[in-house]
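*Asks:* Produce the entire structure from the sequences given, and follow the hints as far as they go.
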Amino acid sequence: MNNPDWLARRASLTPRKTALITAAGEEIAYRQLDREAGRMASFLSGRGLQKGDRVAVLAQNGPEYLELLFAVQKAGLVLVPLNHRLSLAELQFVLEDCAPSLLLYDESQEDSASGLGRCCPSLPLKEAFAPGDPARETAAPVGGEDTWVILYTGGTTGFPKGARLSYRMITWNAFNTIVSWGLGPGDRAPVYTPFFHTGGLNVLTTPLVMAGGTVILPGPFQPGGALEIISRHKPTVVFMVPTMYKMLLEQSSFDQTDFGSVRFCISGGAPCPAAVSDAFARRGILFRQGYGLTEGGPNCFWLPDEYVGTKPGSVGQPVFFNEVRLVDENGQPVPAGQVGELAMRGPHLFSGYWRNEKATRDALVDGWLFTGDLASRDEDGHFYIVDRKKDVIISGGENIYPAEIEAVLATHPAVAEAAVTGIPDELWGEVPKAVLVLKDGFRVSAEEMIAYCAGRLGRYKKPKEVEFRAALPKSAAGKILKREL
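When you line the sequence shown up against the numbering used here, it's residues 1 to 485, in that order.
Only true hints are included.
Straight line, CA to CA, 27 Å or less: simulated BS3-like cross-link-like pairs of lysine-lysine:
#1 K433 - K474
#2 K126 - K51
#3 K390 - K464
#4 K389 - K482
#5 K474 - K390
Beta-carbon label-pair distances, calculated as ranges:
#6 R47 - G309: 51 to 59 Å
#7 A414 - P185: 57 to 65 Å
#8 D366 - D305: 34 to 42 Å
#9 Q50 - R355: 16 to 24 Å
#10 A275 - V444: 37 to 45 Å
#11 A29 - R232: 14 to 22 Å
#12 A24 - G186: 21 to 29 Å
To be clear, the hints were calculated from the coordinates, so they are not data collected in a lab.
For every residue, glycine included, the Cβ atom is placed at its ideal position computed from N, Cα and C.
*Replies:* Here it is as C-alpha cells:
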C-alpha cells in the first residue's frame with residue numbers, strides 16, 4: 001500500500017478550502033497548511049534527521065502540531081506526541097524508550113523541556129517551535145506498514161507502552177470514519193482532546209483532513225468557551241469525553257446555545273451517564289456513545305440514527321471495515337446476550353508496541369486484537385461495553401493504570417503493600433483510591449501519601465483518597481482481590 005502525501009493531495013484537490021480555524025479565529029486554507037508543513041519538513045531534514053528517526057513533541061494543541069504531523073510524513077519520520085500532563089520522571093522513561101533524535105516544544109512547555117534536557121543528557125536535539133525553513137524537496141517515500149506515530153499508553157505493568165500507528169492504520173481508520181459516520185467536506189468539528197491522545201489525532205482530525213473538512217482548534221477546554229465556539233463556528237460534529245459534556249450541562253448558557261448546526265455529538269473515552277445523553281436528547285440533539293482504543297481505530301463502532309435513543313448504552317455496530325467477535329476465556333465465541341472479551345480484526349489495527357514483543361504477542365493473536373474489554377451484543381447485532389477485563393481506571397477520558405500508582409506508593413519507606421482501585425466521582429467518572437498497609441512502627445497521613453505522589457505522577461493520577469488497613473484481601477494464590485476493595 002503506497003501512501004501519498006496526505007496534505008499535498010488534499011491541498012491539490014481543495015486548495016482554498018478552510019482546513020483549520022485557530023483559537024484566535026484565523027482561518028488557514030489547505031494550501032497554506034500544506035506549505036507550512038513543507039517548511040517544517042525542511043526544518044526537520046535540515047537537522048540531519050533520516051527516515052525512521054523519531055521526533056518527540058511536547059506541546060498544546062495548535063497549528064504547529066498539525067503541521068508537524070504532516071511534516072513527518074513528508075520527511076519519512078516518526079512522530080512521538082508526549083503527554084504534557086505527566087511528571088518529568090514519566091516523560092524521561094518515554095524519551096529513553098523511544099530514543100528520539102529531536103524534541104520539539106512550545107512556549108507553554110519550556111520549563112518541562114528544560115527539565116528533560118537536564119535529566120536526559122543523551123537527547124541529541126531539543127528546540128522550540130520556530131518558523132520553518134524555506135520549503136524544499138524532502139520526499140522520503142513511505143509504505144503502509146511504516147510507522148507514522150507512536151502513542152504511549154499507560155501500562156498494566158507500571159510502564160507505558162508505545163503503540164505503533166502505521167500509515168495503513170491511520171488511513172483505514174479515516175476510511176472507516178468517513179464511510180460509516182458519513183463525514184464529508186462540509187463537516188467541521190472542534191478538537192478539545194489533546195493530540196498526544198488518539199482521541200485528539202484520530203477521532204476526527206485525520207478523518208476530516210482526508211474528507212476535506214475543517215478542524216477547529218479552540219485552545220484549552222473551558223465549558224463556557226466551548227458553548228461559545230459552538231454558537232460562533234457552527235460545527236457539524238462534536239466529540240468530547242463525558243466529563244466535558246457534564247461541564248457543558250452545568251453552564252447556565254447551555255439551554256440558550258444554538259446547536260442547530262450539529263448533526264450529532266459523540267462521547268468517548270469512558271462510559272457516558274444516561275443523564276448526560278438524555279439532556280442532549282431533550283434539546284433534540286443526536287447523541288451517541290462511541291468506543292475505541294489507541295491500538296484499534298479508534299473509531300470502531302457506529303450507532304445508526306434510527307437506533308439513537310432506542311438502544312441506551314449501546315455503541316452500535318462495527319464500522320464498515322471492522323470484524324468483531326466476543327469470546328470466552330477459552331477463546332470460543334459467546335452467543336448474543338452473553339458477555340465475552342471483545343476482539344477485533346481489520347486493517348485499522350496497530351502494528352504492535354515499540355520494542356515490546358511480549359506485549360505485542362499478548363495483544364495481537366492470529367491477526368485479532370484482544371482488547372481486554374468485556375462486551376455483549378443483542379439480537380440486532382448492537383454491542384454494549386459492560387466492563388473492563390483489566391483494572392484500568394478511566395478518569396475524565398484518561399486511562400489510569402493502578403500498577404503505575406502502586407509502583408510509586410511502594411517506594412515510600414512506610415508502605416508494606418499498596419493497592420489502587422477506582423471509585424465513582426460525579427465530575428470525572430472515576431478517580432483513584434489507594435489502600436495501604438504500613439510497615440510496623442510507621443505512621444503517615446493520607447495527605448502525606450498524596451503529596452508523595454505529586455512529584456512522581458501526573459496530577460490526574462494522584463490518589464484522591466487513601467485508606468489504611470491492617471491487611472489486604474488476597475486469594476489462595478496471594479493475589480490481591482481488588483473486587484473486594
